[in-house]
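> Listed in order, the protein sequences are those of chains A and B.
Numbered by this note's numbering, the letters in the first sequence go through residues 1 to 297 in order.
Numbered by this note's numbering, the letters in the second sequence go through residues 298 to 723 in order.
Honestly, the hints are just simulated from the structure, not real lab data.
Treat the numbers as computed from the prediction; the structure is a model and nothing was measured.
For every residue, glycine included, the Cβ atom is placed at its ideal position computed from N, Cα and C.
A few of these clues could be false.
Stated by the list, open to error - Sample of chain A residues facing chain B (criterion: CB under 8 Å; computed from the structure):
1. Ile46
2. Lys73
3. Ser133
4. Asp134
5. Phe147
6. Ala151
7. Thr155
8. Gly156
9. Ser157
10. Gly244
11. Pro245
12. Gly246
13. Thr247
14. Phe261
15. Gln262
16. Asn263
As the list claims (entries may be wrong) - Counterexamples of contact, computed for chain A against chain B with all Cβ distances above 10 Å:
17. Met64
18. Val96
19. Ala120
20. Trp212
21. His214
22. Thr218
What the hints assert, rightly or not - Below, in silico cross-link-like pairs of lysine to any residue (SDA-like), each with a Cα-Cα straight-line distance of 25 Å or less:
23. Lys625(B) to Glu43(A)
24. Lys73(A) to Lys52(A)
25. Lys676(B) to Glu470(B)
26. Lys383(B) to Glu57(A)
27. Lys713(B) to Asn36(A)
28. Lys158(A) to Leu600(B)
29. Lys676(B) to Val663(B)
30. Lys383(B) to Ser27(A)
31. Lys669(B) to Glu588(B)
32. Lys150(A) to Asp561(B)
33. Lys73(A) to Ser159(A)
34. Lys528(B) to Thr45(A)
35. Lys52(A) to Glu721(B)
36. Lys150(A) to Gly491(B)
37. Lys150(A) to Gly551(B)
38. Lys158(A) to Lys549(B)
39. Lys669(B) to Leu600(B)
40. Lys549(B) to Leu160(A)
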Amino acid sequence: MKIKRKKLNHKNSGMLFILPALLVVASVMLFPLVYNIVLSFFEKTIYSPEWKFVGLEQYQHLLMSDSFLNALKNTIVWTFFSVLFQFAIGFACALVLSQDRVKFRGVWRCLIMLPWVLPAVIGSMVWKWMYHSDFGILNQILITAGFIDKALPWTGSKSLALISAIIVNTWKMFPLVILYIEASLQSVPKSLEDAAVVDGANSWNCFKVVTWPHIAGTCKTVVLLLTIWTLNAFTFIFVLTGGGPGTSSQVLSMFIYKEAFQNFNFGNAATASSILFIIVAIFSTIYIKSSIGGDES
Amino acid sequence: MKAKKILSLLLAGTMVLGTLAGCGAKEEKAEGGKIENPEEISAELTLWDASWNENITPGLIDKFNEEYPNIKVNVEFFPIDGMTDKYLTALTGGSSADLLSINNEWVSTYATAEGLLNLDKYIDENNFDMSDFYDGAQTGVTVNDSVYALPYRAETHGMFYNVDLFKKAGYEEMPETWEEFLPIAQKITEQSGGAAKGIAIPGGEWGNTSYQLTNMILCSGGSILNEDNTKCTLDSEEAIKAANFFVDLYQKHGVVPESIMENDNAAGRVLFSEGKVASFMSGAYDIAALEELNSNLNMGTSLLPTFEGAERKTIFAGWSTAISANTKNPDAAWLLAEFLASPEISVEYSTTFSARKSMETNEKYVSDPLLKNLAEAVKYGEPLPVIPQISQIRQIMYEQIQLALSGEITAEEAMKTSTEQINEIL
Chain A
1 MKIKRKKLNH
11 KNSGMLFILP
21 ALLVVASVML
31 FPLVYNIVLS
41 FFEKTIYSPE
51 WKFVGLEQYQ
61 HLLMSDSFLN
71 ALKNTIVWTF
81 FSVLFQFAIG
91 FACALVLSQD
101 RVKFRGVWRC
111 LIMLPWVLPA
121 VIGSMVWKWM
131 YHSDFGILNQ
141 ILITAGFIDK
151 ALPWTGSKSL
161 ALISAIIVNT
171 WKMFPLVILY
181 IEASLQSVPK
191 SLEDAAVVDG
201 ANSWNCFKVV
211 TWPHIAGTCK
221 TVVLLLTIWT
231 LNAFTFIFVL
241 TGGGPGTSSQ
251 VLSMFIYKEA
261 FQNFNFGNAA
271 TASSILFIIV
281 AIFSTIYIKS
291 SIGGDES
Chain B
298 MKAKKILSLL
308 LAGTMVLGTL
318 AGCGAKEEKA
328 EGGKIENPEE
338 ISAELTLWDA
348 SWNENITPGL
358 IDKFNEEYPN
368 IKVNVEFFPI
378 DGMTDKYLTA
388 LTGGSSADLL
398 SINNEWVSTY
408 ATAEGLLNLD
418 KYIDENNFDM
428 SDFYDGAQTG
438 VTVNDSVYAL
448 PYRAETHGMF
458 YNVDLFKKAG
468 YEEMPETWEE
478 FLPIAQKITE
488 QSGGAAKGIA
498 IPGGEWGNTS
508 YQLTNMILCS
518 GGSILNEDNT
528 KCTLDSEEAI
538 KAANFFVDLY
548 QKHGVVPESI
558 MENDNAAGRV
568 LFSEGKVASF
578 MSGAYDIAAL
588 EELNSNLNMG
598 TSLLPTFEGA
608 ERKTIFAGWS
618 TAISANTKNP
628 DAAWLLAEFL
638 ASPEISVEYS
648 TTFSARKSME
658 TNEKYVSDPL
668 LKNLAEAVKY
678 GEPLPVIPQI
688 SQIRQIMYEQ
698 IQLALSGEIT
708 AEEAMKTSTE
718 QINEIL
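Please take these sequences and the hints and turn them into a complete structure.
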């Protein structure tokens, strides 16, 4: 008994320290998660007091319904292009900003960080008005510059609605990419770069051989994080288009919101949430595996 | 081993929480009845109110306390965004205030979810007279023949029009019918070379788009559902005619701004205040906002036009005070709800019009020509079907009419598809 207690003190005392935090996590994250997964096997609306067990029926029904598949398709497009542009623009900016010849780097950094600092709802509202074809500044600029001759209904047309939201999401998140990449660029030893230059490497080779191996890990992490966040993102589409016109910009998070809080079909919403959870979990697992793997190596 | 321990700890925590959550939900629900010696009741109540009442309610509570000094009332104000979600969650979770000021459209949802106190016993045993409320208000708060809230505010849509633009086109006022309205809208659009359009319609806002479409359908003699709310009637001749007209205003006649699909009511208001549209549908709540946007605006209000030969009907909207099913002080709560719904108080409480017929000609309304016409419109109001699926129905109509407005499908197809989808959920 005594031995056992001693063992607990030594080996597991750490557990005691993290216990409060674990309990908080359990109550605000694990409980809703388990609740949601259980709920997804039941038919439950706000009007029916009892839970009716239906097994996988709701999954089957959702995976065959046009509106869900449309939301799934939109989610893929939304996530792929958002992450692509966020990363590409952020990466390019980081490379430029890390050059010594760039003057006033502090000022540029501050200015570029602004979109990220602004709350998403406010940013989206401002964009909604900028997009507007009667009052919006964007159309006016494009018309004055001669790119278009008639105002475009950015958030109001089937073909442009999702693109408009992707632009806002990109605008909002690319500063974060800069932050990550610039930080990791600073870990590239100057001496290695100098050595490469002395050996006659041009800037592309220098980047490929010296810089890239140092920042590749960070890039992978950033892309995974952006993917996870974008899959879950709700604010931009909710504020800008509400999923419309029709359902042309409806992503999964919007679909779930409407099922739960407009149709009050909690069972169905839980099923859709579980599917989204599985998708996000796949990316999260890759992320966790790669980041733990990175630590060990 | 470690992972197992952590997991078991987490699960234990989850279970404890689950039990706690379960305990909260089950409570004795009040029934109500005759109130003896109301002035002796002592209680503390909380009222959840809308943010626009922030300057009004405290004064009314003072008056209430002159009559009932032992009932202390705490008022909390909430913005309209997310309000219904918050109230619904609180009501079903048993954590709501004793009284809630709610939109009549939410009554059926809240009542069906068993969040509201059935007021029938209070009404019967205290001889409370419901007949002075507008019919639309009475229907709006009645679910399965039981009353769940006491109305205080009522309104419906009217037309706002730009008097100067109308005069320039040779017209004095808003016509009686949509058929007469169309040439006016066309003339104004033409005369200005498109700088001013005939009418603003919101095509990008769930609430107002479905509302205004419904207004058109009602004043052509159509309806969303049949009388007993069992079947969708959007595929009727009248409803299709109205939907066609609604879509054609933009698609065929071009008398609606190009930005229609991006517009909500606020955008319509701004366009109207800048003279970029000659008219738009709205309620009395927009008068102050318009005067603030452009104090030189020469505007008029009128009843909504109807289609030739059809009876005048527009959507009745209103607000009422409901009592939570979980309140500990139902008697005191009833007294406050009754007080807020009383004739003179409801005039003060409502930022638009009183829900009482006897107040239609109240000095506050008839003294202002803009208000007077809109006050008259209230009696033509008919509430949306009082069924819990109503927001889902409006979502379906909204998505379909958006497709028609963007030219993907015809208005007739939109109404037929809506009918199929709505019948499925009924």
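> Each hint needs a verdict: does it hold in this structure or not?
To see whether the hints hold, each was checked on the structure:
1. Ile46: Hint holds; Ile46(A) Cβ to chain B Cβ min 5 Å, cut 8 Å.
2. Lys73: Result: violated, 16 Å to nearest chain B Cβ.
3. Ser133: This interface hint holds because 4 Å falls under the 8 Å limit.
4. Asp134: holds (4 Å)
5. Phe147: violated (17 Å)
6. Ala151: holds (7 Å)
7. Thr155: holds (5 Å)
8. Gly156: holds (3 Å)
9. Ser157: holds (7 Å)
10. Gly244: holds (5 Å)
11. Pro245: Nearest chain B Cβ about 4 Å off; hint holds.
12. Gly246: Holds - the Cβ of Gly246(A) comes within 8 Å of chain B, reaching about 5 Å at its closest.
13. Thr247: Cβ of Thr247(A) sits 6 Å from chain B, so the hint holds.
14. Phe261: Nearest chain B Cβ about 5 Å off; hint holds.
15. Gln262: holds (5 Å)
16. Asn263: Status holds, d = 5 Å.
17. Met64: Non-interface label on Met64(A) holds, nearest chain B Cβ at 15 Å vs cutoff 10 Å.
18. Val96: holds (35 Å)
19. Ala120: Non-interface label stands for Ala120(A): nearest chain B Cβ at 15 Å, farther than 10 Å.
20. Trp212: Correct as stated: the minimum Cβ-Cβ distance to chain B is 36 Å, above 10 Å.
21. His214: Label holds. Min Cβ-Cβ 33 Å, cutoff 10 Å.
22. Thr218: holds (28 Å)
23. Lys625(B) to Glu43(A): Roughly 32 Å between the alpha carbons, so the hint for Lys625(B) and Glu43(A) is violated.
24. Lys73(A) to Lys52(A): violated (30 Å)
25. Lys676(B) to Glu470(B): Since the Cα atoms of Lys676(B) and Glu470(B) sit roughly 21 Å apart, the hinted pair holds (cutoff 25 Å).
26. Lys383(B) to Glu57(A): violated (30 Å)
27. Lys713(B) to Asn36(A): violated (36 Å)
28. Lys158(A) to Leu600(B): violated (34 Å)
29. Lys676(B) to Val663(B): holds (15 Å)
30. Lys383(B) to Ser27(A): Cα-Cα ~20 Å, so holds.
31. Lys669(B) to Glu588(B): Roughly 17 Å between the alpha carbons, so the hint for Lys669(B) and Glu588(B) holds.
32. Lys150(A) to Asp561(B): holds (21 Å)
33. Lys73(A) to Ser159(A): At roughly 14 Å apart (the allowed maximum being 25 Å), Ser159(A) and Lys73(A) satisfy the hint.
34. Lys528(B) to Thr45(A): holds (21 Å)
35. Lys52(A) to Glu721(B): Between Lys52(A) and Glu721(B) the Cα gap is close to 20 Å, so the pair holds against 25 Å.
36. Lys150(A) to Gly491(B): holds (13 Å)
37. Lys150(A) to Gly551(B): holds (15 Å)
38. Lys158(A) to Lys549(B): Within the cut-off at roughly 19 Å; holds.
39. Lys669(B) to Leu600(B): holds (10 Å)
40. Lys549(B) to Leu160(A): Distance of about 22 Å is within 25 Å: holds.
Checked against the numbered hints above, the structure violates hints 2, 5, 23, 24, 26, 27 and 28; every other hint is satisfied.
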